[in-house]
Amino acid sequence: MQKHLVVIGNGMAAGRMLEHLTDLAPDAYRITVFGAEPRVNYNRILLSPVLSGEKRFEDIVTHDDAWYATRGITLVKGGEITAIDRTARTVTARDGNVTPYDALVIATGSSPFIVPVPGHKLPGVVAYRDLDDVDAMLAAAEKGGSAVVIGGGLLGLEAAAGLKLRGMDVTVLHLMPTLMERQLDPAAGYLLQQAMEARGIRVICRANTRAILGEERVAAVALDDGTDLPADLVVMAVGIRPNAALARAAGLAVNRGLLVDDHLRADDPAIFALGECVEHRGQCYGLVAPLFDMARVLAAQLAGDGTAAYAGSITSTKLKVTGIDLFSAGDFAEGEGREEIVLRDAARGIYKRLVIQDDRLIGAVMYGETADGGWFFDLLRKETPIAEMRDTLIFGQAFAGGAALDPMAAVAALPDEAEICGCNGVCKGRITGAIIDKGLTSLDDVRAHTKASASCGSCTGLVEQVMQLTLGDAFARKLVQPVCTCTDLGHDDVRRLILAKGLKSVPAVMQELEWKTSCGCAKCRPALNYYLLCAWPGDYVDDNQSRFINERVHANIQKDGTYSVVPRMWGGVTSASELRAIADVVDKFAIPTVKVTGGQRIDLLGVRKEDLPAVWADLNAAGMVSGHAYAKALRTVKTCVGSEWCRFGTQDSTGLGIKLEKTMWGAWTPAKVKLGVSGCPRNCAEATCKDIGVICIDSGYDIHFAGAAGLDIKGTELLGHADDEEEAIEIILALTQAYREQARYLERIYKWAKRVGTESIRAQVIDDRDRRAALAARFRHAQQFAQVDPWAERVAGFEAHEFRPMAHFQPREAAE
Amino acid sequence: MNAFTDHWLDIGSLEDIPRRGARVVRAAGGDIAVFRTADDQVFALRDRCPHKGGPLSQGIVHDRAVTCPLHNWVIDLDSGKARGPDEGCSNVIPVRLEQGRIQLRYPALA
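Line by line, the protein sequences are chains A and B. Here the numbering used here is used: the first residue of the first sequence is 1, the next is one more, and so on. Here the numbering used here is used: the first residue of the second sequence is 1, the next is one more, and so on.
By construction, these hints were calculated from the structure, which means they are not laboratory data. Careful, some of the hints might be misleading.
Stated by the list, open to error - Calculated Cβ distances over 10 angstroms to all of chain B for the following chain A residues:
| hint | residue |
| --- | --- |
| 1 | 73 |
| 2 | 331 |
| 3 | 383 |
| 4 | 550 |
Unchecked claim - Heads up, incomplete: computed chain B residues facing chain A, CB under 8 angstroms, no partners named:
| hint | residue |
| --- | --- |
| 5 | 27 |
| 6 | 63 |
| 7 | 101 |
We put the CB at the ideal spot given by N, CA and C, even for glycine.
In isolation and in its complexed conformation, chain A is listed as follows:
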């Protein structure tokens, strides 16, 4: 019979261990995992990018439900274990359920250390540890105001940077004289402080918190020196302590953490432990690389390799704040017999310091330029003698190797044992081996098989270089389709970064995101203009020069350089006076062609550009506005006559169509949006091939979407049902807003739905009522600024230069 392995804790250490174990010995155990958090396993070290908005939670999930299912592992989410009975070999969950085990792994991790100052329990005081903390911080950041982060270590600084990007006023309090003093020497700490301050974050070192003040919730932080700092949010990031209470209660030997030997066994032959809850050779770890080292060893142990042993880890650190490059490893305190090599380049903001003892590198601190971090770390761990290269050591690997300063050459020069991925301890040889043995060709494959660059991602470039070297031209490096040749970033990255970095103009985006051309091209500029417009409604000033001609002059250019004009006809309904005004305009401006469009309105073709404002003035005078027939925007709402006239009509489809069009006109979207509303399932308005379609039925309204009737033909999918008009409109507004915020420029709704999946859209706009309401509210907010008739603006003289030649020269021969 299979032995039963029970794992307490579902963090990164446990996840990684199970991965190795089920690879090594898939059938050795029946496995049950108890996780206290109510969700699947995610990459905790990437919470900072989630906080800053540079990643989403879905991006950092490491093991989803399907993973547990395929490996036959039972995951009990929200299953907190409260007791271990070592005699009976059982564990007891909070709900009283008792589970027997043959082997037990304790991976309970660590808890944030909360400084027990007065007021530390006030609402508004949070730690920075899990997704709930991030959610709490994001909720606070939404309201704005001031945040005080207590603790100037890795986590505290990442939290501060994230909150700043989310728009809060941020102060960091640090007890010690310089930031990150455990990883950085004072000089690098000082440079780091400058960089944080340059981002508008206030840093107070030697700050001792006396109390957190507030009545019902936090209001201020009081320091020893009498300073009171106003605070709407206080983040405690002063450190972690191993979660060993459960083990202690079970009578296991516990010091600071649960004591384990080199086989990661506690003082009970059936109990193992790993991760941040353990103490090994006097060390407790709070970084990810040692956890993964332990995971490998423990998996081997459990799979039957009794010799697998853990000898401790030398750690290196990288700060995950976009734009700040910082690396430290080893021991860099000054001391007897230690020498140091320092390189400073103030102009470039670079500082590097190497600490050497007995001809070996024992510590490295780098700020501003960290490309050689991996190489130094390699020398350090292998205790390589450095006498021969000592003179040029600080200039890094390229110099030492005598090779050209070409990054590819530098990677080529790395030995197979050189570590590429610090988080997961993956060396170059393992990556090249996996590429060749398994025929890997994409970065995702390499991540899946080797875990290289699968955690913090900062070595992605290096991994790609290794792939390039191994595969040559066969390696298609661009995984993300870039927006255009002006950038390597994809659409989604650009959109996220616009929000995260608060970029509010096309030049700002190009500057901050390092565009490769001076002012973009006809592909990226319209996309950026749209993304900015969508991100900052009412704030962003439309860049007309970044719009296609049709949107710049609010008419459709034709093959001969003339334009077509389509006035809006709400829901396809018109009147004698509108038709008369149209007829008059056609006569007055000798417009050659008048045609009925597929969207139930009238197209005036062949209008000269110079005549456009005068044509619009006449149409405006008759109460007509732009139909946006030329725009990536809401186009038409096609309707049938519905219950008003039709003997089959179930609802007032015409009325609903008009309401929708009146609510939605003027909204810019990634690509054109056409709606249809049919009064019964006979579907005379052809709603089921539209971007969004409504089919009225006796019991209400079926909301369809993602149809197409152009290059592609596709019937719509049923999104959900609304009982009344109000709900139907709410759903459609939320859907449109989700599309506006999430789709890529020029991506029609059906393509967007295909890419992200109908389910994910339904979850946002049908299932999650709060989210639906928030989306619809954002749409309505943006509409306040969008519902301005562009024709009337131009009739009034806006952008007049567009419609007049700059100069006019008659033939001069006559004058001679």
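Fit chain B to the supplied structure of chain A, relying on the hints for placement.
Then chain B, alone, in the frame of chain A:
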């Protein structure tokens, strides 16, 4: 009127054209597109794309190029030549900027 035959004719000021934009000058020999780049350089081309005659003055101006509004050919403003794999050329009209005023050379207008 010999004085006219090799003259620079004033067509307006630099400010009359938006940055990264263009304006049209109507002339007997056909429309001329006058471009102003992001760094305030001016260029002038016959307002016809070598592909299908699209009005280049209506395109998006980027770097020293314009993308035709009809079929997205990218035309180099210096040479009038199509960039990339496309082949074709739009006539370059001599243009200069004198103290903020844009001037075209006369014979090109005829």
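For a quick check of understanding: which of the numbered hints are violated here, in increasing order? 4, 7
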